[in-house]
Amino acid sequence: MYRQFIGFAAVSFAGLQLQGAFAQGNSTGVCIGSLGYNWTVNSLNQDPCQVANDLFAADPCNQNDVSYPPMTAPGSYYAGPQANQSTSCTCNTVIYSLASACGLCQNGTFTFWIDWTDNCYANDTVYQEWPASIPSDTTIPPWAYMPLVGGFWDAVEAQKNASAVAHTSDTGISGRETDPEQSKDKILSLRVEVE
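Here the sequence shown is numbered in my numbering, starting from 361 and rising by one per residue.
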């Protein structure tokens, strides 16, 4: 089965549904409370799906074709941007972490960072910080700024840091805890091994 979203494809194979994060419509995924991911909400009680959508609703990341729609099947995950959608807003670990949590809390899963950034240009890739202003009506949960572990978002480590101070428009955009060049070298070396 093949469905075309605006600028992003969703493909179903072997029972796994790839969700287009850059999809048409205003519908937003919502975390399922009974799955135990209540720790993913920010200080304003917004789940990671809403936070991700709010970040893309503000300038300069405002892209009308970006949303995180509800998961359509267990095991689904949000895929990264296509080459024509490579920006510092789509190619960063903060949005990757939020999208990963958004998928997981809907009984889905998430992809590896290397797959998320497959179509990202190096100069668009941002590690552990949000590259734009944070809208005043949302906060980014602290776990979204954490470094990746082994090339992917780590829900266990994220939960351990869920109670740290959130980043808002008043506290700035940086959440960097380690040198991004060091993280990039690790990702690049992982990319070489995979290819």
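Please note that the accuracy of each hint is not assured.
Unchecked claim - With beta-carbon atoms standing in for the labels, derived distance ranges:
1. Y481 x S523: 34 to 42 angstroms
2. P434 x D497: 14 to 22 angstroms
3. S493 x T469: 13 to 21 angstroms
4. N483 x G396: 36 to 44 angstroms
5. K520 x G393: 14 to 22 angstroms
6. T469 x S496: 28 to 36 angstroms
7. N483 x A433: 31 to 39 angstroms
8. S394 x Y481: 38 to 46 angstroms
9. V516 x N444: 32 to 40 angstroms
No lab work stands behind these hints, which were simulated from the structure alone.
From the three backbone atoms N, C-alpha and C, an ideal C-beta is built for every residue, glycine too.
- Query: That 36 to 44 angstroms hint for N483 and G396 (C-beta), does it hold up?
  - Reply: holds (38 angstroms)
- Message: If I claimed the Cβ atoms of S493 and T469 lie 13 to 21 angstroms apart, would that claim hold in this structure?
- Response: Cβ of S493 to Cβ of T469: about 31 angstroms, so the range 13 to 21 angstroms is violated.
- Does the Cβ distance between V516 and N444 fall inside 32 to 40 angstroms? holds (35 angstroms)
- Taking the beta carbons of Y481 and S523, is their distance inside 34 to 42 angstroms? holds (35 angstroms)
- Query: Is it true that K520 and G393 lie within 14 to 22 angstroms of each other by Cβ?
  - Reply: The hinted range 14 to 22 angstroms holds for K520 and G393, with Cβ atoms some 21 angstroms apart.
- S394 and Y481, beta-carbon distance inside 38 to 46 angstroms? For S394 and Y481 the Cβ distance comes to about 40 angstroms; the hint holds.
- Task: May I ask you to test the hint 28 to 36 angstroms on the CB atoms belonging to T469 and S496?
- Result: Since T469 and S496 have Cβ atoms about 32 angstroms apart, the given range 28 to 36 angstroms holds.
- Could one say that the CB atoms of P434 and D497 fall in the range 14 to 22 angstroms? violated (31 angstroms)
- Task: With respect to the beta-carbon atoms only, verify the hint that N483 and A433 lie 31 to 39 angstroms apart.
- Result: holds (35 angstroms)
Hints 2, 3 from the list above are not met by this structure, while the remaining hints are.
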